[in-house]
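Generate the whole structure from the sequences, applying the supplied hints.
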Amino acid sequence: MQLEARLRAFAALARRSSFSAAAEELVISQPAVSKHVAELEAELGTKLVIRGPRRIQLTPAGEFVADHVERAEALVAQAARGARSLAGAETGRLAIGTSGTGMYLAIDAIAAFHTAHPRVELDVQIGTSEPIVELVRAHRAELAIVGGFTAARDVESETLIEDDIVIVAAPPVARAHPSLRDLERLTWISREEGSSTRAAFEAAWRDLGIAPAGRISLPSWEAVKLAVAKGAGVSGISRYAVTTELAAGTLAVVRVPPWRVRRHFSLVHARDIPLSPPAERFRSILLSELAKLATSVSGGRSRRAPRKTSVPRSGARRGRVRRA
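Position 296 (the sequence shown) corresponds to 296 in this note's numbering; numbering is contiguous.
Please note that a few of the clues may not be correct.
Said to hold, decoys possible - Here are the in silico distance ranges between beta carbons for each label pair:
#1 R271 / A79: 27 to 33 Å
#2 R119 / E4: 25 to 31 Å
#3 E222 / S20: 34 to 40 Å
#4 A79 / R185: 45 to 51 Å
#5 T46 / A116: 46 to 52 Å
#6 F64 / P257: 50 to 56 Å
#7 R262 / A116: 31 to 37 Å
#8 H177 / L75: 21 to 27 Å
#9 G249 / A72: 27 to 33 Å
#10 Q57 / A248: 25 to 31 Å
#11 D154 / T46: 46 to 52 Å
#12 H114 / A61: 42 to 48 Å
#13 E184 / A116: 45 to 51 Å
#14 L44 / D154: 35 to 41 Å
Hints were generated in silico from the structure; no laboratory data involved.
Think of the CB as a built atom: it goes at the ideal place given N, C-alpha and C, for glycine as much as any other residue.
Structure (structure tokens):
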């Protein structure tokens, strides 16, 4: 029990980088955290932290221990979830992350999963692709739905569905049949830096040798769509994100040869820990719902292309996620 208390104190200190914040997280006194960490260092025979005036820094040994304690905590939490599931108690929590566009792909699966497993709490975090993948690497989300190729390491990446990035505009702009050069003179509206969709259509612009006259960055695709519908500019956006607006006539696709931007969406999870039963069930429901979505959008022709790939390991030091 003493070793467990010491490890928990050290893990909290590694996460929060200060004794006071670790004490607040564990609801114990700051001297107690300091005592636990000092005892752990004495037991292991090595320094784990370098104490600074405001924040601590982990030594190489501290990084090693923190990484393994983090994995152990994730395994204990998963074991508890699995035991409850096997006992027939459909309770617990499933944390997933998704990019902004990925949410449009995941929403039907989220609703279907909740209907089938109402006692499992779903914690969904939305952000740009890179921070969302970091949640998986840090074992703070079991699954992530992101666009494009995943550059993280120590994860499995399963291709879910093909996605076309289309140019959308207010209907009057689309009816004028603008050329690429016409669109270049307009303002382009997109998500902030870090969005895989933005990165994909900006790469297409560079390949075509075109630079937009103006740019607006907004914090969500809903805001982007509203701005485009008001005539503030045009955008490159996932076809799956604008199905409702295209059907309602508030947005229209601008078809401009040779524009063709296609990418894949992937389901990402950690390689070192198997999926919990709720995560496995969510994955199954997600694949089923995406098959329906792909068929409906493509007019009866499925565009799913599932495959698994292991992302190569990187030699870079493993980062630690402080917040979503």
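Hints, one by one, checked against the model:
no. : hint                    : verdict
1   : R271 / A79: 27 to 33 Å  : violated, 18 Å
2   : R119 / E4: 25 to 31 Å   : holds, 29 Å
3   : E222 / S20: 34 to 40 Å  : holds, 38 Å
4   : A79 / R185: 45 to 51 Å  : violated, 59 Å
5   : T46 / A116: 46 to 52 Å  : holds, 49 Å
6   : F64 / P257: 50 to 56 Å  : holds, 55 Å
7   : R262 / A116: 31 to 37 Å : holds, 32 Å
8   : H177 / L75: 21 to 27 Å  : violated, 58 Å
9   : G249 / A72: 27 to 33 Å  : violated, 55 Å
10  : Q57 / A248: 25 to 31 Å  : violated, 54 Å
11  : D154 / T46: 46 to 52 Å  : violated, 25 Å
12  : H114 / A61: 42 to 48 Å  : holds, 43 Å
13  : E184 / A116: 45 to 51 Å : holds, 48 Å
14  : L44 / D154: 35 to 41 Å  : violated, 24 Å
Checked against the numbered hints given earlier, the structure breaks hints 1, 4, 8, 9, 10, 11, 14 and satisfies all the rest.
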